[in-house]
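Student: The residues making up each chain are set out below.
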Amino acid sequence: MNEEYICRCEEVTRKEIQEAIDDGATTLAGVKRRTRAGMGLCQGRTCQRLVTQMLSKVKDPAEIKPPTSRPPVRAVKIGEIVEGEDE
Amino acid sequence: MKKNADAVVIGGGVIGTSIAYYLSKKGIGVILLEKDDLASGSSGACDIDIILQSKNPGIHLQLAMESAKMYETLADELDFDIEYNATGGMILIENEDQLKVMKDFVRRQKDIGLQVELLSLKEASKIQPGLSPHLVGATYSLQDAHVNPMRLCFAFSRAAKRLGAKVYLGTSVLDIRAENGKVKSVITNRGEIETNIVINAAGVYAPFIGEMAGLSLPIKPRRGQIIVTEPVPKLVMADVLCAKYIAAKYNPNLLKESDNPETRLGVGLSLSQTRDGQILIGATREFAGYNKNTTHEALHAIVNNAVRLVPALRHIHAIRSFAGLRPYTPDGLPLLGPVENVQGFIMAAGHEGDGIALSPVTGRIISDLITEGKTFMDVSKLSPSRFGSLSGNENAM
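Protein sequences, first through last, are from chains A and B.
Per the numbering used here, the first sequence runs over residues 1 to 87.
Per the numbering used here, the second sequence runs over residues 1 to 397.
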């Protein structure tokens, strides 16, 4: 059970996330910095809820902030960003 | 409950955790206070470069070179994988004017002992494929390297804890109490800690800590925006900067009047690839207060600059952008050492974009100054007193 993957993009297991929480992480960003969960291609879309659930055992769920959302919202080819400038 | 410590370090970034470690190693009882989490500020929102070539020849480069030596054995010493990798680094040169500036920069760096050379475009392309054919060459140093700054904070913090340091996360400093010009205690949201020594390693937030001790510190936030790509096979072989980066770093006044958004935002290429394969493309240098948002204007400017220099990036996907605040000082050097008016108040902040490179050496210098009153090199040029008495508002920026 502890070996199941919570973050599939970065292959982070439940055990590793629990260790990050034991190390003092109380936010999604804290877990991310310690384990890379949420840093991959999907940017936490899959694992965010599961990690939040695990964090809710050490922190009031109402106080768990959603991750900062940053552009681009989904993967964009760099060449397309450059061309966008010319429009 | 009232606590006490030989020294209280304020700030859980690459500077504060390093100081906590080196002080603990000398047998000093340390409490580290961090208002959020380790690496939650600038140390978790930056690139991964330990780059020597970008440092001004002089005390800045000397510091970086001492730090680089310490990095070589640091992972073993801390017993933690900090993803250190001696990749080498290059600075791309686009035209004859830049070439002239870089030739002089390289000559002065060589005088101090940095191994750095000028390469033709052909030679540079052998090391780093995918460069634009319009470049006239590059400087190259084997001494540049990479590290994961977040793992560096965790490594220092864990090693310090093993040596007896206490690390309090989610603990903000509310006030610093002094009597007869001497530090007596630190008041936090979790109680008071008695101590005779306080180290202000709060980075861009250092001025707020300074204020509590009646000091006005000449540090202000300079925003750096960075783009992250999807993981790809090894493409960026070294740290890759461009000569404009050097101009952006040392000449903020030249930048702000420009009509060109790339120039105005202080865009200089900083390209590196993490161990996981993601490429970090940076960066801007902007004065935007404490605003950590990323902007579309900057995203475009960073990408345009990067693609012009390294067209191979075109086909890769960007997945995220982020921004961090670099603690800027007017002379580009950190404030390291005691202040004149408050005995026991030690500054260790203002590294701007060089905090990662200078983290180990800063820990060593500050721990030496606290335990022995001197260190292995002359650091008088880094003394906070170079900005005057620091009392009142004369340095308010």
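Among the hints, a few may not be true.
DSS-like, lysine-lysine: derived pairs with alpha carbons at most 30 Å apart [what the hints assert, rightly or not]:
(1) A:Lys-15 to B:Lys-166
(2) B:Lys-122 to B:Lys-103
(3) B:Lys-166 to A:Lys-65
Derived by calculation from the structure, the hints in this document are not laboratory data.
Student: Each hint needs a verdict: does it hold in this structure or not?
Tutor: So, going through the hints one by one against the coordinates:
1. A:Lys-15 to B:Lys-166: holds, 25 Å
2. B:Lys-122 to B:Lys-103: holds, 18 Å
3. B:Lys-166 to A:Lys-65: The given pair, whose Cα atoms are some 27 Å apart, holds under the 30 Å limit.
Hint compliance for this structure: no hint is broken.
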